[in-house]
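Whenever a hint applies, use it, and build me the whole structure from the sequences.
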Amino acid sequence: MSKLNLEQGINALKEQIDGPTAAFFSSCVHCGLCAEACLFYTETNDPKYTPINKVEPLRRVWESEYTLFGKLKKALGLSKPVTDEMLSEWETLIYDGCTLCGRCSMVCPVGNDITGMIRKVREGLVASDHAPEGLVGASTRAVKIGSPMGVRLKALSAQIKHIEKDTGLTIPIDVEGADYMALLSSMEIINFPEYIESLAKIFKQANVTWTISSEAFEATNSGIQIGSSDIARELVQRVVDAAEKLKVKTVISPECGHAYTAIRWEGPNLIGRPYPFKVIHILELLDELQQSGRLKTAGKLAKKLTFHDPCQIVRKGGVEAQPRRLLNSVSSNFVEMSEHGNMNWCCGGGGGVSANERADELRLKVFNRKKIQLEEVNVEVMVTACANCRLVLEEGLEENNMDMPVIGLTELISEHLLEDRE
Amino acid sequence: MEFFSNANDFLMWTKGSAFTIAVSIFIVGVLVRLLEILLLGRKTDYSEPRGTEWKGGLKNIISRSVVDKGTFKRAPFVIVVGYIWHIAFLVVLLFFVPHIELIKAILGLQWPGLATPLVDAFAVVAIVSMLAMLWHRMTHPVMKFLTTYEDYLVWLVTFLPLITGYIAFHRMIAPYPLALGLHILSVEILLIVFPFSKLMHAFTLFIARWYTGAMMGRKGIES
Amino acid sequence: MTKQTLYEMLQQQGISRRGFLKYCTALTSLMALPPAMIPTVAKALESAKRPSVIWLSFQECTGCTESLTRSHSPTIEGLIFDHISLDYHHTLQAASGEAAEHAREQAMKDNYGKYLVVVDGSIPLADPGYSTIAGISNLDMLNETVAGAAAVIAVGTCAAYGGLPHADPNPTGAVSASSLIKDKPVINVPGCPPIPTVISGVLAHYLTFGSIPELDDLGRPKVFYGQSIHDRCYRRPFYDKGLFAETFDDEGAKKGWCLYRLGCKGPMTYNACATLKWNQQTSWPVESGHGCLGCSEPNFWDAGSFYQALSIPDGDYAKAAGYAVAAGVVLGAAAGYANQKIKAESAAEHTEVSVDDFSLNKKQ
Amino acid sequence: MNGESLAGIKVQVETPEYETGNLLSIISEIQYALQQLLEHKKVHSIDLRAMPWSSGEEQKLASYLGKGEVFIELNTLGKSTFIETQFSGVWLVNHYNQEDEQIAKLIEITYLPEIVFSQKEDIKNSLERLQTALSDDKQP
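Protein chains in written order, with the working numbering: chain A, 1 to 422; chain B, 423 to 645; chain C, 646 to 1009; chain D, 1010 to 1149.
Just so you know, not all the hints are guaranteed correct.
[To be verified] Reference listing, derived: stretches of chain C covered by chain D, where coverage requires no fewer than 3 residues with Cβ under 8 angstroms from a Cβ of chain D:
#1 699-713
#2 795-807
#3 963-972
[As the list claims (entries may be wrong)] EDC-like, lysine to aspartate or glutamate: derived pairs with alpha carbons at most 20 angstroms apart:
#4 A:Lys247 to A:Asp174
#5 C:Lys900 to D:Glu1078
#6 C:Lys988 to A:Glu65
#7 A:Lys3 to C:Asp1001
#8 A:Lys73 to B:Glu572
Derived by calculation from the structure, the hints in this document are not laboratory data.
Glycine included, every Cβ here is placed at the ideal spot set by N, Cα and C.
Put into structure tokens, the structure is as follows:
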């Protein structure tokens, strides 16, 4: 019998429940507002996607295990138990119908962090063997190969060689004592190597000492997406070990949403201690460099553009002002979408949804929300700061015959670097 | 009214032992519920904070009362009626002179009351908004989907004090001691149901808002 | 019992038809009947006969009798008493001792099945020794006298509901007359004391129509007790406007604002004080600046302080709340402790998840 | 009562700032009753003691109705006064007992209050008395 079973799942849910969870469940009045904040509901009109409904398994465990009244109900046989059938049904709600975008947590009038609770439910689904194939595969590759997309060091080295040859810049690998250690997402290595090139260009101009670790270059964390602290811990540990080994002062989280959450906010708690180094998002760093005058740009893009805030970076990461300052320094025609910043709508592919092939059709359907937003502003270019968002947006735009380039913000900055006088 | 020889006995019972019982259950229940929540606690957060928890927590307690524009546009009914209901209910609860006398006797706190016809108008608004919310709950797909028996029960035990209060105030049932007794009894039922239902949100929403706000404040997210 | 009708008696006294009509007008007003009823009253009185009345005073303070005699100068009400045969009233009658008791027995014998019994005061059940008349216990005298009565009028709150003797802790085991009388109609005329004109009005009704008036749930004549003090209070507009006196000498009190906050029980008290008033229509408690005590309601002595607003609960809720806080904290702490234990147990039972454990990976 | 009546005690009534609102309804009732009297010869009476008044309000009603052309005083079992108000057909009727205490207070909407007319029984009685007197040796 598998180690992952219903009992383990329920136990994991029990483990996840804390004071905030209890306060949230005690406060919900079933007002239904969270549905209006969720693109899976607004674009399908199916009430089952109402965020608070997604946490029902956790609520049942909380009620029957952590409330006196619920214990009494359970003793009298009146409580509804969490079953395997229920968890199978919820698996599709939680993995296909939620990107952990956190928008519901911003809207809930009683202040419930519903997304935080959905993240907890994923722990229970993993422990009861109810994770979708796409995410199980990604997690397995991440643990066994080092990257969810199966990108090995060899592939990275090849890309680096290409870039070095094309630009004449050096990309430092395993340099001990560097100030910064950059992390990359597999997507950047495979789909958007421009990001690496941009880093090299910017850091050269700003005179930043940096490095990439050959042992832990992957920033993404499938453990966070699938919702397993155990897997996430293992993956974070690799980065921590590498950073400690190279004695870097700061680790840079790349243009990837959940990687930031994983390494910046959840990592220390996964390994159970504070880091000896800082973690900074690339946008924070660029902003810092620009504010301190070390990063200089020239010229402004005249094309009308808008910025898609990656949920994990803005709403769950607190990086909101930086991308706007950066954008305005290189664009003369930056417009905001109607709902932006903390209230931005998700691209529909976060939280592992884009890695879950089963959810493809639904994901493309809910992209409609973004489409409506884009039609309102009618821009020529989209800028974002997450490789995953970028891929999902590109696919969505193509599907809807909307011809428009999607650019990473770092790349846009590097394109406007003031040419070195040397 | 088998147990009472007359309406006065019933009123005396509701004002006497029934009130004592209801208040006791309410206090024990609420304290247990709050301690159950608070004693569960949180794990230590080892991530480096960007902002402070208390600032975010306190701010969120207040700022959550204001909804964002987009959500308002998508669900104006819930928000508008929700606001109207809570304001009207609080006005009736806190500014009707007989209620002020009750609060003064129990808590020793006192403030000026509002003109009775004004309170009466608010009571009508509260009653109508509750009916509207019930209608919405029964017809809106999301609300219908989420609604449990508990929601209807809570609606009923909240509605009863309002409607019995209205009936008692307008002396629509005779004798008056029966009308007033029914009103007080319905409040007692509300007090007893309170700790075991979502009515607890009146207290826990501050804790919930605090926790979420603190988490966001720590991360430097504007809530 | 004389064979003469009331009208005939009045005529004998040389009272004109016009005088009789005036008498009927006043009586109709006294009985709180609409003026349109005057001809009916006149017609009824033309054939009404003089009834015998036996007045029994039990555990009482004589306040009710005092109230009644206050209205007893040669007035219209006085005429009623001239035309009933008050055959026994041990406070008022001249006879005493055996002679008095004999009068009662004689009246009962002569008018068996037809006389009216007025009861004034409550009846002690704990020990008959608390109140006896001529060595007869109140209970025995009541049972004996009521046996041959046509109807009983319980005058005053003591007779109607037990009143002051019945108040907690009720040492004498006092009960009302109506709780003991099951086979005769009982009219309750509560009040501490009742309004004199209400007492005479009820007697007049019986005298005029030979029947008992329509009663409410508490056995009170609806014409007098059909509306609350609050409903007919001239200060009601202030209640409706939310203008309340807060102390007995504040501006509000001087301006005659509503006395609700000073403990007025008018909203729950059904009586006719606001219209009939007291002391020959001079004034009534609320008009004199004091809230209604609710004296015509059952258990008014135990219905909380006279000076606490009607909405304020009584009882030991403050003490109970103190215990409840203590119990809540203890129980809550225990529940919190139990929850911590459950959490610790679940952490201990945690089995580390490895990607190899997924069944999807095992199949491959 | 030792010959001293409450009516003898001087009571000062202060002008009230409040009203029960009964004044207006009474006047409306009077207006309707007058119409009924004219059209259907229906008489109507209002018992003023059956409704609450704030002190001074009754005086206000009396002064509103005012005094008209007729004032009648009867003397039977005490005094009775009938004032035809300035509204013809509207009578303010006060009955007092022998102690001069008011025992009834009405507004009658009629051509003439019934009780003012000489009553048939009394006329008969008078006739008998006159006949007796004439037949007797007690002739004037």
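- Which hint numbers does the structure go against, in order from smallest to largest? Violated: hints 1, 2, 3 and 5.
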